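Asker: Sequence:
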Amino acid sequence: YERVVAKNELISNSQYSSIYLQYMGSKDGVNWSEWSSEDRYIPEYTDSNNELNIQPGQDLSHFNMLHIGYLTDSDQTLTFGKDRFVKGLGDTDTILLEEREGSLEIEGNLDYIDLLFTPLKSENACLLNLEEFEVGLLESGEIVVSDKSKSFVTKDRYIVGERNFFSLSLSEDHTDLYTNGNRDTFSQVFLLAPSGYTVASGCEESTNFGGEVHSVRVSEGKKSVEDILEYHQLPSREYILKSSFQAELQSNSSINSLDDLQFFVNQMPFGYSNYITSLNVGDTVVLVEDGFILEGEVLSIDQDRGFVQVDSWSGKFPQNGFSQSAKVLKYEHEYIPSEYYLYGVKDIYSLDILYSDILLFKNLSFLALWDAPSFSDMDYRYVRYRYIFVTLKHGLSAGLASVNIDISSGGPSMDQLMRHGKWFDNSGIKQSYWWTK
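Be aware that the sequence shown starts at 1, since it is given in this note's numbering, and climbs by one per residue.
Worth flagging that the hints you see were computed from the coordinates, not collected in a lab. Computed from a predicted structure; not experimentally measured. In this text, a Cβ means the ideal position worked out from N, Cα and C, and glycines have one as well. One should not assume that every hint holds.
As the list claims (entries may be wrong) - Now the in silico label distances, taken between C-beta atoms and shown as ranges:
| # | residue 1 | residue 2 | range |
| --- | --- | --- | --- |
| 1 | 188 | 233 | 25 to 31 Å |
| 2 | 290 | 182 | 48 to 54 Å |
| 3 | 39 | 193 | 48 to 54 Å |
| 4 | 214 | 24 | 44 to 50 Å |
| 5 | 264 | 101 | 51 to 57 Å |
| 6 | 193 | 42 | 44 to 50 Å |
Unchecked claim - Taking lysine-lysine pairs in the DSSO-like style, the calculated list, with each CA pair at most 30 Å apart, reads:
| # | residue 1 | residue 2 |
| --- | --- | --- |
| 7 | 155 | 87 |
| 8 | 87 | 316 |
| 9 | 121 | 155 |
| 10 | 362 | 327 |
| 11 | 222 | 82 |
| 12 | 242 | 150 |
| 13 | 27 | 362 |
| 14 | 121 | 87 |
| 15 | 316 | 327 |
| 16 | 222 | 87 |
| 17 | 121 | 150 |
| 18 | 82 | 242 |
Model the full structure from these sequences, guided by the hints.
Answerer: Below, the structure written as structure tokens:
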């Protein structure tokens, strides 16, 4: 039957989320296979200046998600994009104005300007001054650009209390203004060749801006409509990595050598009475202090006392061991839906990721998983399974109602055992007497 879904209800097979199931198998319960996937790609990448650059390789649109292992002590933001321009950075012909005022060294005329601003209220205020050219806000909610002879006003309005995107693009016979992805076209053009600028002040017709203006960029090169709109869609390509475990050692110098495999930590989030709440057996715990990093796999824990035991350590120690000032963290794992980095485009072979204050990245890979959450024909005695829930909506959660495991029969039939004692398998090979099994 059909039922009406409320507008605030999101279901697992909707456009907002997906559930994928993986398994690993073992024949002896000791040695396990890797987690299953239809396809897996471990790319080569460079990491410099808070940017990960995925080198050209396989077609990334073939995969469902990006898996990232990372280490951080606070929530951080990843920004995906095909190049530096659409991520809001400077490039070969785009200058990022990092100071509030300064001089411009350009050879010709500017063809492009953009900026981000967050207004605290509706007001007549200055966003940017480029000598005789100004970008400002109107109290009625529009954005106005002007020089000594003309002015253009956007049809779309800015949003108070939110981050707003504004771009100006000049062509030979018209001017385009973009406000949060909405485009207005005017039949006249500006001639912009300024030698200096001021941000949030310096306009003749309006007061200084009381909010925040940042990421101001100017360019002598023309930008395509597609790239400008992609830049305005930046919020849809931002993904927040969470930090779920942060703790400290309960005493100084409890870890001085590779033999100190047992120690006590204090996590104690607000509202909890246990010393540990979000560290589990199998996690990789990491100690960080003064540039020294030590890591080990957790073998056992006691949440009530804060006790942790690891199998072994790898890394380096401070001269006097780790103190209570050390950060006790763990490697986190995030599965990011492909919608964040594909944005509807096929045949993508490289990718740029801008990140904030991540301490370390580990085990970056692209995964293609089966749409149907079922598996068959596994030659294992033991099976572990897990499900991966990915969502495009903050706060959406999921759970499995049930998991069905069907075990197929094998070996001799009762009739074979009673008549012969020995039996033949499906390949015609004689097997040993049944009682030796």
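Asker: List in ascending order the numbers of the hints, as given earlier, that are violated by the structure.
Answerer: 8, 12
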